[in-house]
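Colleague: Read off the chains here:
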Amino acid sequence: MALILVKFGKNNPAEKIKLGSASLDDDVVLIQNGVYWALDDMKQYTKAKVYAIKEDFLARGYEESNSKVPLINYAQLIELIEKHPKSIS
Amino acid sequence: MKITIQVMTPPYTYEDLDTAIKMAQAAVEKGHEVDLFLFADSVLCINKNVKPIRIDRNIPQKLKELIETGKVKVDICGICMDYRGITTDMIIEGAKPSGLPELAQLLYSSDRFINLMA
Chain A
-1 MALILVKFGK
9 NNPAEKIKLG
19 SASLDDDVVL
29 IQNGVYWALD
39 DMKQYTKAKV
49 YAIKEDFLAR
59 GYEESNSKVP
69 LINYAQLIEL
79 IEKHPKSIS
Chain B
539 MKITIQVMTP
549 PYTYEDLDTA
559 IKMAQAAVEK
569 GHEVDLFLFA
579 DSVLCINKNV
589 KPIRIDRNIP
599 QKLKELIETG
609 KVKVDICGIC
619 MDYRGITTDM
629 IIEGAKPSGL
639 PELAQLLYSS
649 DRFINLMA
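Protein chains in written order, with my numbering: chain A, -1 to 87; chain B, 539 to 656.
Keep in mind the hints are simulated off the structure, nothing from the lab.
Even for Gly, the Cβ is constructed at its ideal location relative to N, Cα and C.
Just so you know, not all the hints are guaranteed correct.
[Claimed, not checked] For lysine to any residue, the following SDA-like pairs were computed, each having C-alpha atoms within a straight-line distance of at most 25 Å:
#: 1; chain 1: A; residue 1: Lys14; chain 2: B; residue 2: Asp556
#: 2; chain 1: A; residue 1: Lys45; chain 2: A; residue 2: Pro68
#: 3; chain 1: B; residue 1: Lys609; chain 2: B; residue 2: Tyr621
#: 4; chain 1: A; residue 1: Lys52; chain 2: B; residue 2: Lys600
[To be verified] Partial list, derived from the structure: chain A residues whose beta carbon lies under 10 Å from chain B:
#: 5; residue: Asn9
#: 6; residue: Asp39
#: 7; residue: Lys47
#: 8; residue: Asn71
[Unchecked claim] Chain A is faced by these chain B residues, among others (derived, beta-carbon under 10 Å):
#: 9; residue: Tyr550
#: 10; residue: Asp554
#: 11; residue: Leu654
I would like the entire structure built from these sequences, with the hints used as guidance.
Modeller: Structure below.
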């Protein structure tokens, strides 16, 4: 069980490996340019639950309805940090 | 809970410091303690002579405000400062030059460690 932070976009091979190796009970949070992943159906990349930081998503010109994953704020990110003793970023 | 966040990338070129600051603010609001460990080029953000244009965010000032809450500590890698010509008189009040032994101590004593790698 781990929290995985994804901060690079879809052309980053390391992020693809992180997503692919995540398990069912992991949580993935898309931050910074990582939010570009949220435009896709994430089920094709990972088994883990995926969230994106709303502020970072909107900062890139998208609207909430464009995201295919739940959008969260920083307080909710801290809740996920509380939940997971381990993190991968 | 004690949360340590390590940052490595320079301010304004990369977003990691903005992410770290927002995470620290949210963590403090939830009653956590935060230690920000500045490593490599991220130490540039601690220079109080940094003067962004008025509409942009002032990262050193934001860090100073976080330190003033008493819930956030900022540790700066001393060797990284030397490599970039940053002297102790240039750093914002409350931040302290530190080093890898202190980082090791933080890894040991923190409940959570978030590493915003380059």
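Colleague: Could you work out which of the previously given hints the structure breaks and list their numbers from low to high?
Modeller: Result: hints 3, 5, 6, 7 and 9 break, sorted rising.
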